[in-house]
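Protein chains in written order, with numbering that gives the first Met the number 0: chain A, 0 to 405; chain B, 0 to 301.
The hints are simulated quantities; they were obtained by calculation from the structure and are not laboratory data. Careful: at least some of the hints might be erroneous.
[Said to hold, decoys possible] So the derived label-pair ranges between C-beta atoms look like this:
1. B:A287 with A:L229: 51 to 59 Å
2. A:R44 with B:T247: 18 to 26 Å
3. A:A210 with B:A287: 31 to 39 Å
4. B:N101 with A:A402: 18 to 26 Å
5. B:K231 with A:A400: 51 to 59 Å
6. B:N242 with A:A46: 34 to 42 Å
7. A:E376 with B:R34: 47 to 55 Å
8. A:P204 with B:E170: 29 to 37 Å
9. B:K231 with A:A46: 31 to 39 Å
10. B:R280 with A:Q394: 48 to 56 Å
Just so you know, even glycine gets a beta-carbon here, dropped at the ideal spot from N, CA and C.
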Amino acid sequence: MTRTLLTGNAAAAWGARLAEADYVPAFPITPQTEIIELLAEWMQRGAMAGRIVMLESEHSMLTAAGAAAATGVRVFTATSSQGLLYAMEMLYTVAGWRVPLVLVNVSRGLAAPITLEPDHNDVLAVRDSGFLQFHCATCQEALDGVLLAYRLAEDARVRLPVMVNMDGFYLSFTREPVRLPEPEQVRRFLPPFDPETLYFRAGAPRSQGVAVLGGAQYSYFRYEAHLASLGALRVFEEAAAEFARLFGRSYAPLETFHTADAEFAFVMLGAFATKAKQAVLRLREAGWRIGLVRPRLLRPFPAQALVEALGGLRGIAVIDQNLSTGMGGVLCSEIGAALLRAGARPVVAGYVGGLGGRDIPVEEFFEMARETKAAAEAGRCPPTRLLYTEEELRQTRALQAIAMAE
Amino acid sequence: MSTVIATQAVAKPNPMANLDELVEQYGRVPAEHFRYCPGCGLGMAQSALMRAFQRLQIDMSQVAGAGGSGCYSIMGHYLNMGVLHGGHGRGAAMATGMKLANPHLTVVNLQGDGDSLSIGGNHTIHAARRNIDVTVVMFNNFGYGDTGGQYGATTPKGSFTETSPYGMPEEPFDACKLMIGAGATFVARSTVYHAVHLTKVLAEAIAWKGFSFVEVMQHCHVLWGKRNGMPKATDMLNYYRDNSVFSTPNLKREEQEGKFVLGVLHKQARPEFTEEYAKIRKLAAARAGGQGLSPLNTGGAV
Ligand SMILES: Cc1ncc(C[n+]2csc(CCOP(=O)(O)OP(=O)(O)O)c2C)c(N)n1
Ligand code: SF4
Ligand SMILES: [Mg+2]
Numbered sequence: 000m001t002r003t004l005l006t007g008n009a010a011a012a013w014g015a016r017l018a019e020a021d022y023v024p025a026f027p028i029t030p031q032t033e034i035i036e037l038l039a040e041w042m043q044r045g046a047m048a049g050r051i052v053m054l055e056s057e058h059s060m061l062t063a064a065g066a067a068a069a070t071g072v073r074v075f076t077a078t079s080s081q082g083l084l085y086a087m088e089m090l091y092t093v094a095g096w097r098v099p100l101v102l103v104n105v106s107r108g109l110a111a112p113i114t115l116e117p118d119h120n121d122v123l124a125v126r127d128s129g130f131l132q133f134h135c136a137t138c139q140e141a142l143d144g145v146l147l148a149y150r151l152a153e154d155a156r157v158r159l160p161v162m163v164n165m166d167g168f169y170l171s172f173t174r175e176p177v178r179l180p181e182p183e184q185v186r187r188f189l190p191p192f193d194p195e196t197l198y199f200r201a202g203a204p205r206s207q208g209v210a211v212l213g214g215a216q217y218s219y220f221r222y223e224a225h226l227a228s229l230g231a232l233r234v235f236e237e238a239a240a241e242f243a244r245l246f247g248r249s250y251a252p253l254e255t256f257h258t259a260d261a262e263f264a265f266v267m268l269g270a271f272a273t274k275a276k277q278a279v280l281r282l283r284e285a286g287w288r289i290g291l292v293r294p295r296l297l298r299p300f301p302a303q304a305l306v307e308a309l310g311g312l313r314g315i316a317v318i319d320q321n322l323s324t325g326m327g328g329v330l331c332s333e334i335g336a337a338l339l340r341a342g343a344r345p346v347v348a349g350y351v352g353g354l355g356g357r358d359i360p361v362e363e364f365f366e367m368a369r370e371t372k373a374a375a376e377a378g379r380c381p382p383t384r385l386l387y388t389e390e391e392l393r394q395t396r397a398l399q400a401i402a403m404a405e
Numbered sequence: 000m001s002t003v004i005a006t007q008a009v010a011k012p013n014p015m016a017n018l019d020e021l022v023e024q025y026g027r028v029p030a031e032h033f034r035y036c037p038g039c040g041l042g043m044a045q046s047a048l049m050r051a052f053q054r055l056q057i058d059m060s061q062v063a064g065a066g067g068s069g070c071y072s073i074m075g076h077y078l079n080m081g082v083l084h085g086g087h088g089r090g091a092a093m094a095t096g097m098k099l100a101n102p103h104l105t106v107v108n109l110q111g112d113g114d115s116l117s118i119g120g121n122h123t124i125h126a127a128r129r130n131i132d133v134t135v136v137m138f139n140n141f142g143y144g145d146t147g148g149q150y151g152a153t154t155p156k157g158s159f160t161e162t163s164p165y166g167m168p169e170e171p172f173d174a175c176k177l178m179i180g181a182g183a184t185f186v187a188r189s190t191v192y193h194a195v196h197l198t199k200v201l202a203e204a205i206a207w208k209g210f211s212f213v214e215v216m217q218h219c220h221v222l223w224g225k226r227n228g229m230p231k232a233t234d235m236l237n238y239y240r241d242n243s244v245f246s247t248p249n250l251k252r253e254e255q256e257g258k259f260v261l262g263v264l265h266k267q268a269r270p271e272f273t274e275e276y277a278k279i280r281k282l283a284a285a286r287a288g289g290q291g292l293s294p295l296n297t298g299g300a301v
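All chains, please: the whole structure from these sequences, using the hints.
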């Protein structure tokens with residue numbers, strides 16, 4: 000094992016390299032492109048045995064990926080934002096084909112307006128496609144997440160494609176120390192893909208991806224995929240246990256930080272949660288009993304684990320780096336529903352922040368903690384709030400004034 | 000159809016026309032944060048485009064611009080026209096929508112080679128097939144500039160890019176042949192080195208009734224040039240100078256081999272789509288006794 004400095008993108012590329020992916024269809028988009036550039040270099044030089052080709056769009060890229068995976072080879076691909084949405088049609092299709100490829104999405108806000116910077120509306124827009132979702136907060140997790148994703152995807156009990164998500168810029172372009180596992184050890188964790196139930200073979204005529212004759216069959220196959228996704232929670236825990244044994248790093252479906260004695264918690268996805276950790280430590284110094292819960296798995300949704308971690312708290316602040324317009328934050332709705340169904344009633348305060356790469360400074364976490372506590376004392380869930388300062392509003396208005404004057 | 004172009008009154012090109020005046024009238028170029036790299040062919044292409052507008056004495060208030068994503072796409076905002084900046088590759092579809100809804104407008108669709116030939120190839124060939132009266136100006140810089148120089152559908156075979164560090168393995172498109180095949184009624188190619196020629200073909204394309212396509216060879220010395228032994232803008236301008244031939248009826252096949260063939264490569268008038276569509280509507284209205292189409296008539300399509 001070696002320790003080296005890698006960006007989140009490079010770590011994800013190393014994940015694909017160590018997984019010995021056979022085929023990588025690719026298409027550039029910021030902030031993901033570094034991943035496919037690294038793989039192109041490695042594959043063309045022969046450092047990786049697999050093959051790579053630039054397709055003419057993400058739609059063709061996902062189509063090629065799904066079709067290649069249906070022939071029983073290990074497929075890797077990556078995209079971001081508009082690219083993920085452009086591939087949307089095929090995301091549902093390849094998930095329906097039950098082919099186990101891994102796609103890294105480097106989150107970036109969606110147009111319009113156009114931005115290069117991150118939020119989670121891209122990955123959440125494809126939430127219901129059938130892909131499992133693993134969300135990373137560190138570069139190490141990006142590498143390990145790809146390895147875990149293959150284990151999960153290829154398990155005969157799951158057989159669904161997996162998306163590994165990381166925040167653009169904040170993680171994709173940040174260098175962190177990463178432990179590179181030895182290829183031999185990775186092969187033990189992730190043996191060559193055995194496609195057993197993937198039947199597509201030249202010379203063995205079988206039709207795949209056919210239409211069904213009505214709602215009964217359609218419902219059956221969709222629900223089968225749902226059950227496989229739910230079952231993936233157990234498979235993940237098994238795989239994570241073996242991963243911990245082999246590599247010494249543990250990955251639960253939820254990361255919990257100072258929750259054992261907590262009365263309050265922040266809940267959020269992705270790399271911005273490292274900011275929440277900093278806030279938790281500072282608040283604890285000031286006497287608060289507060290923690291952080293960060294789902295790594297979003298699909299399957301770790302409802303039970305979330306209820307266990309959050310159900311007994313007085314209040315939680317869910318910070319969504321996404322906006323379901325006309326509703327609020329997606330994570331907040333999902334967690335609220337899970338708690339309600341379990342009969343657990345902490346006060347839930349919803350925040351929308353970090354859209355289009357906007358920072359969430361530590362002071363805003365303090366403010367959210369104060370508001371959540373006040374809401375718990377009042378026994379009422381407050382309306383969702385956008386994290387936005389008066390200064391930001393003033394600057395935006397000033398720019399608008401310039402635009403109007405021109 | 001009303002046209003805002005004074006087609007007859009084409010002014011003689013004046014290469015000495017004061018650039019400041021040109022920019023004042025046809026451009027909206029910022030004093031700071033100018034986005035093209037120094038020496039990029041896009042600046043030269045933009046100046047040719049502004050001169051083409053000037054030659055045609057176009058009323059810029061009647062020009063609508065559509066664009067997708069790429070280094071070039073800021074050009075839409077640097078021109079004195081209404082512009083909609085859409086998704087990567089979607090320009091020709093946007094232009095189709097704009098033109099059909101507003102047949103009186105002059106619609107110019109700026110595209111990257113990536114937009115036009117890769118992710119948005121479908122839209123471009125169908126706009127050509129319909130012969131809708133829009134002008135596609137495609138900037139060919141041998142690949143994807145905005146994402147940092149990966150290979151695309153125009154990258155010369157064997158050349159080096161960020162995703163083909165050991166040589167691009169695929170054959171590129173000949174964009175003009177593709178457009179001719181798709182039904183474009185005006186197809187031309189020029190380079191930023193041949194600025195006067197470029198201006199002339201751009202003006203002709205904009206004035207053309209029907210789908211017109213101009214391939215502008217626009218160097219990217221910063222990405223493609225640097226990786227292929229031409230790191231300076233002048234290297235690439237010389238490359239265009241030394242590797243181009245003008246199309247003539249007698250140009251032999253071997254004279255075209257490995258060269259950029261410049262000029263108006265195809266020009267063949269054909270009924271224009273918005274006008275054909277207007278005729279069909281008139282016909283349908285007459286059949287329905289002046290009542291027009293029933294709102295429920297979907298033509299069987301779902
Ligand atoms: C659906 C989608 N996929 C990928 C991208 C990323 N992207 C932005 S610009 C670009 C390439 C631009 O190339 P080209 O059209 O040739 O313009 P150039 O930058 O070379 O001027 C790409 C791939 C995107 N914006 N949207
Ligand atoms: S990267 Fe290339 S195409 Fe883009 S602005 Fe710079 S020189 Fe021009
Ligand atoms: Mg280009």
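Do the hints match the structure? See the list:
no.: 1; hint: B:A287 with A:L229: 51 to 59 Å; result: holds, 56 Å
no.: 2; hint: A:R44 with B:T247: 18 to 26 Å; result: violated, 45 Å
no.: 3; hint: A:A210 with B:A287: 31 to 39 Å; result: holds, 38 Å
no.: 4; hint: B:N101 with A:A402: 18 to 26 Å; result: holds, 24 Å
no.: 5; hint: B:K231 with A:A400: 51 to 59 Å; result: violated, 42 Å
no.: 6; hint: B:N242 with A:A46: 34 to 42 Å; result: holds, 35 Å
no.: 7; hint: A:E376 with B:R34: 47 to 55 Å; result: holds, 52 Å
no.: 8; hint: A:P204 with B:E170: 29 to 37 Å; result: holds, 33 Å
no.: 9; hint: B:K231 with A:A46: 31 to 39 Å; result: holds, 33 Å
no.: 10; hint: B:R280 with A:Q394: 48 to 56 Å; result: holds, 49 Å
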